[in-house]
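A.B. asks: One-letter residues, chain by chain:
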Amino acid sequence: MRCPTWLHVKRRPHAAEESLVKQSSWTTAHAERLLWRAGFGARPNEIEHWAQRSRGHTIDWLIRGGSGPHGTQRMVGPAPNADGKALDPNNEWGHDMLWWLDRMVRSQRPLVEKLTLFWHDHFATVDQDTPLMLAQNRMLRGHALGSFRALLQAVTLDPAMQGFLSLVDSDKRHPNENFARELMELFTLGAGNGYSERDVREAARALTGFTGNWREGRPLSIRYEPDHHDDGVKRVLGRRGRLDWRDTLDACIAHGAHAPFLVAKLWDFFVSEPLDRDTRRRLVATYRDSRHRIAPVVREILGHRALYADLHDPRMVKAPIVHIAGLLRLVGRGVDDRAWTWISGQMGQQPFRPPSVAGWDWGPAWMSTATARSRFLAATWIANDAPVKVQKGSVDVAWSPEEHVEQARAVTGRPWTSGATDDELLKLARRFLAHDVKPGDTVRAWQAEVTQSALRHLLLSGPDANLC
Amino acid sequence: MRACDDFHATDRARRRMLEAPLSRRRLLQAGLGATLSVYGARALGLGDSLEIAQASAAAAPNAPVLVNVFIPGGLDLLDTLVPVDAYGRYADLRPALKVAEPLTLAGTGLGAHRSLAKGLGGGLTGLFERGRLGFIPGIDYANPDLSHFNSRHFWETGIISMRAAPGWMARWIDRHGNPDNPFQALSMDSGLSPLLRGARVPVAAVSSPDDAQVWVPGVWGDWHERMMEHYGAIAARRPGAPGPAAVFGAARQSRQVATTLRPYVKDDDTGVDPLAAPVPYPGDTEGEGQNGFAENLRYLAAMLNLPLGIRVAAVQAEGDFDTHDDQRVTLDRDLAKVSEALSAFQADLEARGIADRVLTLVWTEFGRRAQENSSGGTDHGAGGLAWVMGTRARGGVLSPYPDLVTFDEHDNLKVTVDFRSVYASLLEQWLGTGADEILPDAGRVGRLALVA
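Top to bottom, those sequences are chains A and B. Start counting the first sequence at 1; every next residue gets the next number (our numbering). Start counting the second sequence at 1; every next residue gets the next number (our numbering).
The following block holds chain A by itself, in its conformation from the complex (with noise of 0.2 Å):
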């Protein structure tokens, strides 16, 4: 039988219509929620174009991409540079992560930037060559939606992983666990869930035959040896037989624990709510009826309710790389300072360098005192050039206090902030604006503008800034 194609489960009747959010109640609030949690936020001007269409039309041009708010457009925003230099990421340090961050911040295909630093966590590779982080990087891109088993064996087959896991030079002598390991226990099934040790030792064995053309102590690329390989009879995961690498793969895809424990996943990657048991049964349907293609997967969970709940009270704390590339989308800067890379890695995430083959710890892990200042400190980094720097003569000083905080959100992009923040910010205005000014006369324009410094600072830097 021909399993169908991800199309034609879209086209489906959905077996759970209720579980969607309505489409009657699609509001900005909505637009906006759903722009951060599968990309990096937006620009009031974009999240209105999207509140204006529809939940569907809003999650099919974040899956398959075409006209947006900005038409076909690829990539919109300045271009990236260094301190004034073009980047050179195969070269220069730092520089590939401001390459990756630039798309972050201009792509006009979000969702895919925001699944591929999805995959580049859950096949976390550490401490390779730059060269080979970034063709994994394309090659994670290139997989981000579509099949997971093309991904898999894309990731098996990759030099920067087959050097960080030792499954290059992994031969028939001596086969090396580590590769074996982790596919199980980090990539397909979930630690101890449904595998055995000796499940492990025989994949090893199954995965035994690459080698690698070396230079300078790395594998710049694989190939296969069969005289490597072990083709004696193994069993695995229950399949028994003259197994290699591929049918190791698909022992693990095929495994009754993989698909609960990839979509289980997926959906804490972009809802802060827990999974319920029929959710989970019907994300592991559309999972398992489309042949393992993750964009049905997504679809279903970008356009489940509980991914809208709580819409003035966001729950998710934004990941280190996702608050930057958003503090730089909705203010609309482009990258320009190689500074983000130590700032980004004070935040507690720089890409390219997760910590290790677990990558890194999401949610409220993200959060320390160090990292609350690093945060703080990011808001300062963008606050302190334009357009968000309040430039001399630039303030009026007839706004009122509700004016300033409608001019510092205008400019700041208009950041998500409870109605007690609101009510803080207020309090701050009227209080600046009065400090030290006698009845009837006029603000001096220097108060004026600290107030609105102030202002425009806090609604980046504040907590509310880190949720989404």
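Think of the hints as simulated: they come from the structure by calculation, not from any bench.
Lysine to any residue pairs mimicking SDA-like chemistry, simulated, CA-CA at most 25 Å apart:
1) A:Lys265 - B:Ala241
2) A:Lys265 - B:Met162
3) A:Lys172 - B:His410
4) A:Lys172 - B:Leu146
5) A:Lys265 - B:Pro242
6) A:Lys172 - B:Asn143
7) B:Lys414 - A:Asn176
8) A:Lys389 - B:Glu225
9) A:Lys438 - B:Glu225
10) A:Lys392 - B:Glu225
11) A:Lys438 - B:Trp220
12) A:Lys427 - B:Asp222
13) A:Lys265 - B:Ser161
14) A:Lys392 - B:Trp220
15) A:Lys172 - B:Glu409
16) A:Lys265 - B:Gly240
17) A:Lys392 - B:Asp222
18) A:Lys427 - B:Trp220
19) A:Lys265 - B:Ala165
20) A:Lys427 - B:Ala245
21) A:Lys265 - B:Ala245
22) A:Lys427 - B:Glu225
23) A:Lys389 - B:Asp222
24) A:Lys427 - B:Ala236
Computed from a prediction, not measured in an experiment: that's the story for all the values here.
Position chain B relative to chain A; hints supplied.
C.D. replies: Frame of chain A, contents of chain B only:
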């Protein structure tokens, strides 16, 4: 030299961060905050933040403090602590590198690299002679992993596994710490040490009072204070959901750290440093080479003297001990920096009268190959070196020196002591708490007497 690339990649990333911390200096260079000198000793409304730290300190004013110092790169044992009793064999293994005139450590059969005598009171060898330093040669774990990254991760978590896990000191402070005081576990760095990563109770990463402060373009002086009051009011919300709770909690605690340390920021205009040390540190004198490690220790000693309730601290030494080449030059220079910094720190603690409650553990991620290589260096090996230091540390040589004749199957020194036995011993003998609750293998690794 495939194995060492990971060190350089990791270290490069670190150095970049250290070179460009979000310090006031750096921000001034960037043209921010022209009027920053308003900090300093001006009276500030510290709110409850200092009180929390003080209360936590007052509850146990003499509680023992464990300082954890990491020497990055894999320090070589043989040239640091020279086996003078087996000098012939040593010279065979190290024909080019051998240390010609090591300083004899009486009654041990060993000699110290001459750089270890650099610093106040005869440096580290001076501390050894006074019985305040105990060397632990041959330290590692079974089947040592020669990757910097992996081995370091094992030491940091206290678990021989590449799984992500909270640092072993994070696990300790979670059990024995305070729910409100971020100073209790201090990372003397702009980023949180992996030793403390993953803690559920508040911990802090700060390399100096200056490094805790924040700046806002165009908002200076009293206006900055006013703005931060509003920031504090926003951060006072205590949401229940885990994500917002973490964000608002960290915002409050970072303010707590900043305001508590605000009075101690050095005044760049007057040069007044409220945390000035009672002893000279390397790098203090004009023209001397900078020693960032010493500066971190200087701030740490001063902060240990404040009622902040510090229980554990993590510091990283300066230098590149991944000596695949030029080992002789590197050790001459970088061991001197380590010795000068640590001996100043110890003298400082003693001068302040707080030395009896501070014990320092110094470690490195692995040892190096006994046989030198052909580029004037040594490759990654096993059986490294650690030491404990302090007025209450047990002095001497506390573990067997590795055999120089029979090696393991990879031609490396045979490990003589598991680092986890040192951790377990420190937990029980110094911090006075159980080891099993922190280290999964505590029951299998034995103990060393480390506290006098």
